[in-house]
Structures are given as structure tokens and as C-alpha cells.
Amino acid sequence: MLNRHEKVAIFNLSIVAIGILLFFLLCQTMEISKAYAGFAVLGFQGISHLIFLRKKNPSEVIEDERDISIQQKSFSGSSFFAFTYFVITSLVIYFSHSDTGVVSIEYLPLFVWVGVALKVLVSSIITLVQYRRGTNCGIC
Amino acid sequence: MTQKELAELAHVTRQTIIALEAFKYNPSLLLALRISKVFGVSVDDVFEYHE
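Residue numbers (the working numbering), protein chains in the order written: chain E, 1 to 140; chain U, 1 to 51.
What the hints contain is simulated information worked out from the structure, not anything from laboratory work. This one's a predicted model, so the numbers in the text were calculated from it and none came from an experiment. Incorrect hints may have been included.
[Unchecked claim] Listed below are the simulated DSS-like cross-link pairs for lysine-lysine, each with C-alpha atoms no more than 27 Å apart in a straight line:
#, chain 1, residue 1, chain 2, residue 2
1, E, 73, E, 7
2, U, 4, U, 24
3, E, 73, E, 34
4, E, 7, E, 56
5, U, 37, U, 24
6, E, 7, U, 4
7, E, 34, E, 55
8, U, 4, E, 55
9, U, 37, E, 34
10, U, 4, E, 34
11, E, 7, U, 37
12, U, 37, U, 4
13, U, 24, E, 55
14, U, 37, E, 55
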């Protein structure tokens, strides 16, 4: 049985998948600058906490030290991936357009949206792996 | 005592109690002390140290 935080991670994974799918579907029917609207569904990850992390009674424990430890690891792991992606992509864009010095504004949001999606994706995967693997330690 | 009751008394989730029983999670000192207090015994009686 999945715990609340695993459900949040799966929900967020679904949101990322829907966002990417929607973007590609919209690309078929409209220009890319408008198709970025598909990524707007990534904002729905915010409601995962309202759905899955609501207390049914005041004494109920929603999260404890194990959950916080897993969240910290998934945050630092996903941040590492996201920042590495942003640095590498920035360098690639810079050097690939160094002759003209111009980067198309049409494709720049894609670079940002993919970074955001990557962070959510990696964070959710790390969370699920941590809960499944079960080698978490409260002090390490 | 059920896992749910122990979880409530130790202020953790039932999943953490399950993970502890399955040796899949090493508790913090605070949690170890809290659980041993629930049972009214010392930490050594509840947890074992393995190298």
C-alpha cells in the first residue's frame, strides 16, 4: 500500500507526463509559442498536498522524521539534476549561437519548462525509490 | 499493541513503524527514546546495534 508521500510523487509524475503530452499535442495544432500553455498543468502539482496531505483528524501524523529525511534527499537530488541541466543547456545554447549572438525567444521557454519538468520528475522518482529501497536513516 | 497504536504514541506514521520492524529504517535517537518510553523499557531492549 502506498503512503501519502508516494501518492503525491505518483500524482506529480502524472502531472509531468500530462504536461509533456499536452505540449506535443498542442504543437500539432498551433505554433510552438502557444503550445507552451500545455506545460501550465505543471502548476497542478500544488494541489497534490491539498488532496493527499490533509489531516482527517487533528491528532493524525501526516509526516515524521523519515518522510522529512526522504524529502530532503529528493530535494537535493533533484536540485542537483536541475542545476546541472540549466548550466549545461546554457553553455550549449551560448556556444551554438555564439556566431550570431541571438537566441530565438520562441525556443527559450522550452529550455526553462523542460528544466522545471525535470526537477519535478527527478524529485518524484527519488522519493519513490527511497520509500521502496528502505535504507533511509534518520541521522545519515 | 498494534502498529497504528504504537505510531500514534510515538508520533510517527504507521509506515515508519513498518519500516523499523523490517529493518529498513534506522530511527533517530529521539524516536528510539520515544518508542522505548512507550514500552517502558530501555532503548537496548527495543533496538539492537549491528556493525
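Each hint, compared with the structure:
1. For the proposed pair residue 73/E and residue 7/E, the alpha carbon gap of about 17 Å is at most 27 Å, so the pair holds.
2. Distance restraint check for residue 4/U and residue 24/U: the Cα-Cα separation of roughly 18 Å lies within the 27 Å cut-off, and the hinted pair is therefore satisfied.
3. A C-alpha spacing of about 35 Å is found between residue 73/E and residue 34/E, which places the hinted pair above 27 Å, so the restraint is violated.
4. At most 27 Å may separate the alpha-carbon atoms for a hinted pair to count; residue 7/E and residue 56/E meet this at roughly 16 Å.
5. The straight-line distance between the Cα atoms of residue 37/U and residue 24/U is roughly 21 Å, inside the 27 Å bound, and the hint therefore holds.
6. In summary, the hint linking residue 7/E to residue 4/U is supported, as the alpha carbons are separated by about 20 Å, within the 27 Å threshold.
7. This hinted pair does not check out: residue 34/E and residue 55/E have alpha carbons roughly 39 Å apart, beyond 27 Å.
8. The straight-line distance between the Cα atoms of residue 4/U and residue 55/E is roughly 16 Å, inside the 27 Å bound, and the hint therefore holds.
9. For the given pair, residue 37/U sits about 60 Å from residue 34/E by alpha-carbon distance, which is inconsistent with the 27 Å threshold.
10. Simply put, residue 4/U and residue 34/E have alpha-carbon atoms about 50 Å apart, too far for the 27 Å limit, and the pair is violated.
11. Restraint check for residue 7/E and residue 37/U: not satisfied, since their Cα atoms lie roughly 32 Å apart, outside the 27 Å limit.
12. At roughly 16 Å between alpha-carbon atoms, residue 37/U and residue 4/U fall within 27 Å of each other, so this suggested pair holds.
13. Taken as a hint, the residue 24/U and residue 55/E pair is honoured in the structure, with Cα atoms around 26 Å apart against an allowance of 27 Å.
14. At most 27 Å may separate the alpha-carbon atoms for a hinted pair to count; residue 37/U and residue 55/E meet this at roughly 26 Å.
Violated hints, in rising order: 3, 7, 9, 10 and 11; the structure is consistent with all others.
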